[in-house]
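Chemist: Based on the hints, put chain D in the right spot on chain V.
Below, each chain spelled out in residue letters.
Protein chains: 2
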Amino acid sequence: MKFGLFGSAQAQRGGPDLDSGQGFRDYIEYNVEAEALGYDSTFVVEHHFTGFGQVSASLNLLTWVAANTSTLRLGTAVIVLPWHNPVLLAEQAATIDLLSGGRLEFGVGKGYRHNEFASFCIPIEEADERFEEGLALILKSWTSNERFSHHGKFWHFENIIVEPPTRQKPHPPIWMAAGNPDSIRKVARRGCKLMLDQLASTQLAIDRFNIYKAEVEAMGRKFDPMDVAVSRAFFVAKNAEDKARAIEARLANQTRLAKLAQVPGGDSKSSMLSFDQTLDAAAESAMFGTPDEIAEKLARLRAAGVEHILLNGPSGSRENLRAFARDVMPAFSGPAPKAAVPRPQPQLVNS
Amino acid sequence: MKFGLFGSAQAQRGGPDLDSGQGFRDYIEYNVEAEALGYDSTFVVEHHFTGFGQVSASLNLLTWVAANTSTLRLGTAVIVLPWHNPVLLAEQAATIDLLSGGRLEFGVGKGYRHNEFASFCIPIEEADERFEEGLALILKSWTSNERFSHHGKFWHFENIIVEPPTRQKPHPPIWMAAGNPDSIRKVARRGCKLMLDQLASTQLAIDRFNIYKAEVEAMGRKFDPMDVAVSRAFFVAKNAEDKARAIEARLANQTRLAKLAQVPGGDSKSSMLSFDQTLDAAAESAMFGTPDEIAEKLARLRAAGVEHILLNGPSGSRENLRAFARDVMPAFSGPAPKAAVPRPQPQLVNS
Numbered sequence: 001m002k003f004g005l006f007g008s009a010q011a012q013r014g015g016p017d018l019d020s021g022q023g024f025r026d027y028i029e030y031n032v033e034a035e036a037l038g039y040d041s042t043f044v045v046e047h048h049f050t051g052f053g054q055v056s057a058s059l060n061l062l063t064w065v066a067a068n069t070s071t072l073r074l075g076t077a078v079i080v081l082p083w084h085n086p087v088l089l090a091e092q093a094a095t096i097d098l099l100s101g102g103r104l105e106f107g108v109g110k111g112y113r114h115n116e117f118a119s120f121c122i123p124i125e126e127a128d129e130r131f132e133e134g135l136a137l138i139l140k141s142w143t144s145n146e147r148f149s150h151h152g153k154f155w156h157f158e159n160i161i162v163e164p165p166t167r168q169k170p171h172p173p174i175w176m177a178a179g180n181p182d183s184i185r186k187v188a189r190r191g192c193k194l195m196l197d198q199l200a201s202t203q204l205a206i207d208r209f210n211i212y213k214a215e216v217e218a219m220g221r222k223f224d225p226m227d228v229a230v231s232r233a234f235f236v237a238k239n240a241e242d243k244a245r246a247i248e249a250r251l252a253n254q255t256r257l258a259k260l261a262q263v264p265g266g267d268s269k270s271s272m273l274s275f276d277q278t279l280d281a282a283a284e285s286a287m288f289g290t291p292d293e294i295a296e297k298l299a300r301l302r303a304a305g306v307e308h309i310l311l312n313g314p315s316g317s318r319e320n321l322r323a324f325a326r327d328v329m330p331a332f333s334g335p336a337p338k339a340a341v342p343r344p345q346p347q348l349v350n351s
Numbered sequence: 001m002k003f004g005l006f007g008s009a010q011a012q013r014g015g016p017d018l019d020s021g022q023g024f025r026d027y028i029e030y031n032v033e034a035e036a037l038g039y040d041s042t043f044v045v046e047h048h049f050t051g052f053g054q055v056s057a058s059l060n061l062l063t064w065v066a067a068n069t070s071t072l073r074l075g076t077a078v079i080v081l082p083w084h085n086p087v088l089l090a091e092q093a094a095t096i097d098l099l100s101g102g103r104l105e106f107g108v109g110k111g112y113r114h115n116e117f118a119s120f121c122i123p124i125e126e127a128d129e130r131f132e133e134g135l136a137l138i139l140k141s142w143t144s145n146e147r148f149s150h151h152g153k154f155w156h157f158e159n160i161i162v163e164p165p166t167r168q169k170p171h172p173p174i175w176m177a178a179g180n181p182d183s184i185r186k187v188a189r190r191g192c193k194l195m196l197d198q199l200a201s202t203q204l205a206i207d208r209f210n211i212y213k214a215e216v217e218a219m220g221r222k223f224d225p226m227d228v229a230v231s232r233a234f235f236v237a238k239n240a241e242d243k244a245r246a247i248e249a250r251l252a253n254q255t256r257l258a259k260l261a262q263v264p265g266g267d268s269k270s271s272m273l274s275f276d277q278t279l280d281a282a283a284e285s286a287m288f289g290t291p292d293e294i295a296e297k298l299a300r301l302r303a304a305g306v307e308h309i310l311l312n313g314p315s316g317s318r319e320n321l322r323a324f325a326r327d328v329m330p331a332f333s334g335p336a337p338k339a340a341v342p343r344p345q346p347q348l349v350n351s
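Chains V and D, in that order, are what the protein sequence lines are.
Under this note's numbering, the residues of the first sequence are numbered 1 to 351, in order.
Under this note's numbering, the residues of the second sequence are numbered 1 to 351, in order.
Isolated chain V (complex conformation) (with noise of 0.2 Å):
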């Protein structure tokens, strides 16, 4: 199996005691030792205008870490393509893809979070032809080495050849999120990677998984497991009453955002903001616990063929992260076991 990483960073606003880079420092330093800990990507949100401090220039903060690590891959998860001008995005994204030797992990949105819209003043409900549009213009930039014209419904370009180019050809893999069936199987149509989230349940993520495999399989493709990433919180805990409060404060801050994204009558259809908001569903889907609790979950994502996993831990704890890598990541490292196989007894020699 394969572990990236799933987080943001903050960057508090306050007076002039308060070091405000800390958080993104902090954030730096967590994938530096990730990558020597043998985690294979981190993948960063992007948020405007919350208030708390999260990452809103996520190309720019991965830089910084691309500048500092030399394999560890460099995704966005995601950019909020509405929110963009696609050449210039283009020519960001590109930017970085180059400096990294070819490490960027470009996850795009449409969006979801009502309060966003509403202050950048887009209609919420130009989102799907915004991001089409701009996925497009985004891979033709990418991909023409031919100056080009664009005029579409939001986006006017004349004669434009994008650069730098990008190192990955044709172009850096895209990710997207999805949870609905239509919403998966139209990824798997695009040719594009797709993030499962990290509330669903196990179950969940599992069926979710299986509808793009077998659509990619009805494409008459061949599946790569590592093309769907599912997302999951984790914790190594070290007593029960641990786990218990790590589960807590999970709980609250899903609640937390979950208000922060819905629209004001609550009624929003995004599969990001429809699960159970109980202790329960908050335990069952998070991999929270002792090494070997965490290992019986993964070990049932595996037997149902998933491979790639993005986690999500508390607060950037690198006490959390290193004991993941020692206590659970080992058992999980390389290709699925087929059958038991036994331990080589060491011999004995005469010396």
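One or more of the hints may lead you astray.
Label-pair restraints from in silico Cβ distances [as the list claims (entries may be wrong)]:
1) V/15 / D/148: 16 to 26 Å
2) D/37 / V/252: 47 to 57 Å
3) V/291 / D/101: 35 to 45 Å
4) V/126 / D/248: 46 to 56 Å
5) D/278 / V/12: 52 to 62 Å
6) V/252 / D/139: 35 to 45 Å
With a cut-off of at most 20 Å between alpha-carbon atoms, the simulated DMTMM-like pairs for lysine to aspartate or glutamate come out as follows [to be verified]:
7) V/169 / D/19
8) D/169 / V/33
9) V/169 / D/17
10) D/186 / D/207
Part of the chain D face toward chain V, derived, beta carbon under 7 Å [said to hold, decoys possible]:
11) 22
12) 49
13) 60
14) 99
15) 119
16) 123
17) 124
18) 160
19) 161
20) 163
21) 183
Hints are computed from structural coordinates only; laboratory data are not their basis.
The beta-carbon is built from N, C-alpha and C at its ideal position, and this holds for glycine as well.
Modeler: Then chain D, alone, in the frame of chain V:
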């Protein structure tokens, strides 16, 4: 005097055998070495759709430079505000300022290349208005600790608070390029710092320096010579032939760039395009020659009060960077000499 760098990197587009990232990596290493050699800053240009690989995402490239340096000031020269969403740009610039410990020097302009406006499908006639609205919105984004709304001619935002905060307070220094006397006075009245181009003659650069200084003093403020950066091409030549070749190459390059920027009728009034396209003019404005010849030109600028130079070297030559640092810079480091100071003689003591 203080010596910074001014320049660009190039990412060539090509087939699978071409490493397009080499030019960007060379630029980064050039700047890492520059910091070690005592250069104070690096200012990078931003251009779009040139077809020969100029830097488009300048803050992203600078972020990588920033992650590999610790004192080098990180300048944009310039970001053309009419292309950018001012709030996204404020977020991106604040991110590098925060991560770098407050090393951003934010150079902005309204743009002058006709073909860039045409490619962005933005009328060049809107440049002034877009620049003013963009700059005001960026400054508000950086300095407001409360949510605000903006409804301008080109941009609309509702109930936003822009994150992360900048490290420098109230905000990073703002630099503007100007050449015409009225424009220079306006930069002074805004309280912004002034960049002077590398094409004007020494005397014209001094005249422009004096216009800014006079305007600052006329407002009753104390003039700081570090607030005016005079750009100069620099090349420490091995011999007369080496120097002559460099001057010819420089003139050819100037002429090519001027053609790129010019409007179809050839009647742009930009001061950036009003230099004399002759070998004599190119030789006079450039600091090309032996260390003594370069020192003579620097001494003339210093005698006129200029203390801050941005140097543009040919093709990022490391040899040139080192030769200037070794053979020219030491005599001009620190404050200008008021008068000849007798060198203290070591006292002979009984051992």
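Chemist: The structure should be examined with respect to each hint, and the outcome stated for every one.
Modeler: Results for each hint:
1. V/15 / D/148: 16 to 26 Å: Once the Cβ atoms are compared, 20 Å apart, the range 16 to 26 Å for residue 148 of chain D and residue 15 of chain V holds.
2. D/37 / V/252: 47 to 57 Å: 53 Å, holds
3. V/291 / D/101: 35 to 45 Å: Roughly 39 Å apart at Cβ, these two residues keep to the hinted range, so it holds.
4. V/126 / D/248: 46 to 56 Å: Distance hint for residue 126 of chain V, residue 248 of chain D holds at roughly 54 Å.
5. D/278 / V/12: 52 to 62 Å: Cβ of residue 278 of chain D to Cβ of residue 12 of chain V: about 56 Å, so the range 52 to 62 Å holds.
6. V/252 / D/139: 35 to 45 Å: With Cβ atoms ~37 Å apart, the hint holds.
7. V/169 / D/19: Roughly 12 Å between the alpha carbons, so the hint for residue 169 of chain V and residue 19 of chain D holds.
8. D/169 / V/33: Violated, at about 31 Å.
9. V/169 / D/17: Distance ~12 Å between residue 169 of chain V and residue 17 of chain D Cα, so the pair holds.
10. D/186 / D/207: 16 Å, holds
11. 22: Since chain V brings no Cβ nearer than about 10 Å to residue 22 of chain D, farther than 7 Å, the hint is violated.
12. 49: For residue 49 of chain D, the interface hint holds, since the closest Cβ of chain V sits about 5 Å away, which is under 7 Å.
13. 60: 4 Å, holds
14. 99: Cβ of residue 99 of chain D sits 5 Å from chain V, so the hint holds.
15. 119: 5 Å, holds
16. 123: At about 12 Å, which exceeds the 7 Å cut-off, the nearest Cβ of chain V leaves the hint on residue 123 of chain D violated.
17. 124: Interface hint status for residue 124 of chain D: violated (13 Å vs cutoff 7 Å).
18. 160: Hint holds; residue 160 of chain D Cβ to chain V Cβ min 5 Å, cut 7 Å.
19. 161: 5 Å, holds
20. 163: 5 Å, holds
21. 183: Cβ of residue 183 of chain D sits 26 Å from chain V, so the hint is violated.
Checked against the numbered hints given earlier, this structure breaks hints 8, 11, 16, 17, 21; the rest are met.
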